[in-house]
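A.B. asks: Using the sequences and the hints, build the whole thing.
One line per chain: the protein sequences are A and B, in this order.
First residue of the first sequence? That's 0 in numbering that gives the first Met the number 0, and the numbers climb one at a time after it.
First residue of the second sequence? That's 0 in numbering that gives the first Met the number 0, and the numbers climb one at a time after it.
Hint data in this document are derived by calculation from the structure and do not stem from the laboratory.
Some hints could be false.
Restraint ranges, calculated between C-beta atoms of paired labels, are given here [what the hints assert, rightly or not]:
hint	chain 1	residue 1	chain 2	residue 2	range
1	B	152	A	159	45 to 55 Å
2	B	37	A	77	53 to 63 Å
3	B	119	A	106	34 to 44 Å
Covered stretches of chain B (in silico footprint by chain A; criterion: 3 or more residues with CB under 8 Å from a CB of chain A, positions within the stretch not fixed) [said to hold, decoys possible]:
hint	region
4	48-54
5	73-79
6	105-111
The C-beta atom is built at its ideal place from N, Cα and C for all residues, glycine as well.
The chain contents come next:
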Amino acid sequence: MNELLLGLADDELIIGWRDSEWTGIAPMLEEDVAFSSIAQNEIGHARAVYELLTDDADALALDREPAEYRCAPLVELRLLDWAHAIARRWLYEQADEIRISALREDDDARIAGLAAKINREEAYHRMHAEMWHERLRDELRFRDAVAELWPYALGVLPPAQRGELASRTGLAEVGAVERGTHTDDLAQLWDEMTMVRRSQPAGTQW
Amino acid sequence: MVTAEQVWAALDEIADPEIPVISLVDLGVIRSVDVHDGHVRVEFTPTFLGCPALEAMKTAMEEKVAGLGAEPEVRVISDDSWSTDRITPAGREKLRTAGFAPPAPREASAPQLVQLQSKAFRCPYCGSTETKLENIFGPTPCRSLRYCESCRQPFEQFKTI
Numbered sequence: 000m001n002e003l004l005l006g007l008a009d010d011e012l013i014i015g016w017r018d019s020e021w022t023g024i025a026p027m028l029e030e031d032v033a034f035s036s037i038a039q040n041e042i043g044h045a046r047a048v049y050e051l052l053t054d055d056a057d058a059l060a061l062d063r064e065p066a067e068y069r070c071a072p073l074v075e076l077r078l079l080d081w082a083h084a085i086a087r088r089w090l091y092e093q094a095d096e097i098r099i100s101a102l103r104e105d106d107d108a109r110i111a112g113l114a115a116k117i118n119r120e121e122a123y124h125r126m127h128a129e130m131w132h133e134r135l136r137d138e139l140r141f142r143d144a145v146a147e148l149w150p151y152a153l154g155v156l157p158p159a160q161r162g163e164l165a166s167r168t169g170l171a172e173v174g175a176v177e178r179g180t181h182t183d184d185l186a187q188l189w190d191e192m193t194m195v196r197r198s199q200p201a202g203t204q205w
Numbered sequence: 000m001v002t003a004e005q006v007w008a009a010l011d012e013i014a015d016p017e018i019p020v021i022s023l024v025d026l027g028v029i030r031s032v033d034v035h036d037g038h039v040r041v042e043f044t045p046t047f048l049g050c051p052a053l054e055a056m057k058t059a060m061e062e063k064v065a066g067l068g069a070e071p072e073v074r075v076i077s078d079d080s081w082s083t084d085r086i087t088p089a090g091r092e093k094l095r096t097a098g099f100a101p102p103a104p105r106e107a108s109a110p111q112l113v114q115l116q117s118k119a120f121r122c123p124y125c126g127s128t129e130t131k132l133e134n135i136f137g138p139t140p141c142r143s144l145r146y147c148e149s150c151r152q153p154f155e156q157f158k159t160i
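C.D. replies: Structure representation (structure tokens):
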């Protein structure tokens, strides 16, 4: 299986799940709508990428053990304050744009076509992140959150693409929190995310 | 024997599940219809990949084709070939009449925040361009929220994709 695509799909699924946790409790109604919509898009992207890899996207998304997921630790973190949530969105979208741009040049037309489609949708996520970055960039809490999450953000990308992320964000490259390791937060998320799937009787149709 | 024209006409009867004023044909999501010996292959491109109406649209198309006495095969094509530019002129007019501002034309690069914040978008109620962006996101993935400062009416803007 294509590890790069599986990592991408898992990132999109898990960050979509984390973004959806703001539904109903975001600090303002507009952001309830925004985070819910972003979450829906990210999970849609995950499904489309899983479908490149398998005939049963649900099984791939939900039937693995936590240790088998290939997501980056950045997307797993359970972030309970707004400064961190926005810092992650901003860092993630910057990293995601770099890898999606690379995939648009892929030799496999299905991968390149899907990457182009995803990029057009992600443009709206980037706008949202940029808008918030503009608003919060001089706030100490936000800067601290960015600094804390920066090693995790580097871990979203393979080493060859990290220099570009550093120059885009204006942050110095440091040791990354690498993909392939997992935080304790993933187990809690996985338990909730797969609960219905695990409890349904065999053969259930939705 | 069923013809491609009959299939297109039948598909034109399917309303968009989330914006029922326009049909799937108006929306431009049906890329092709191929008819061979009572077998109908429809190629369909999703608007947004996370659109929850995707399955409902697929099922509705299969039922319409089966209703013509043909065997349906609906293929979902997840690439960049659908754009809001594919919404037909009739579809754009129906959107406007229902209070949705139709999308701006697609450009080579993805849209930028500065464009959405510009005064280029027209209010579907009064026609004024004195409108401002309220939220990039809206009740479905394909819509943004704007506010008209001339007639003081909030409205939904179809996002350019």
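A.B. asks: Against each hint, give a clear statement of whether it holds in the structure.
C.D. replies: Structure-based check of each hint:
1. Between residue 152 of chain B and residue 159 of chain A, the C-beta spacing of about 50 Å keeps the proposed range 45 to 55 Å intact.
2. Checked against the hint of 53 to 63 Å, the pair residue 37 of chain B and residue 77 of chain A passes, with Cβ atoms roughly 54 Å apart.
3. The supplied range of 34 to 44 Å is met by residue 119 of chain B and residue 106 of chain A, whose beta-carbon atoms lie about 38 Å from each other.
4. Counting residues of the region 48-54 of chain B whose beta-carbon sits less than 8 Å from any beta-carbon of chain A gives 4, enough to reach three: the coverage restraint holds.
5. With 3 residues carrying a beta carbon less than 8 Å from a beta carbon of chain A, the region 73-79 of chain B meets the three-residue requirement, and the given coverage holds.
6. Coverage of the region 105-111 of chain B by chain A holds in this model, with 3 residues showing a Cβ closer than 8 Å to a Cβ of that chain against a need of three.
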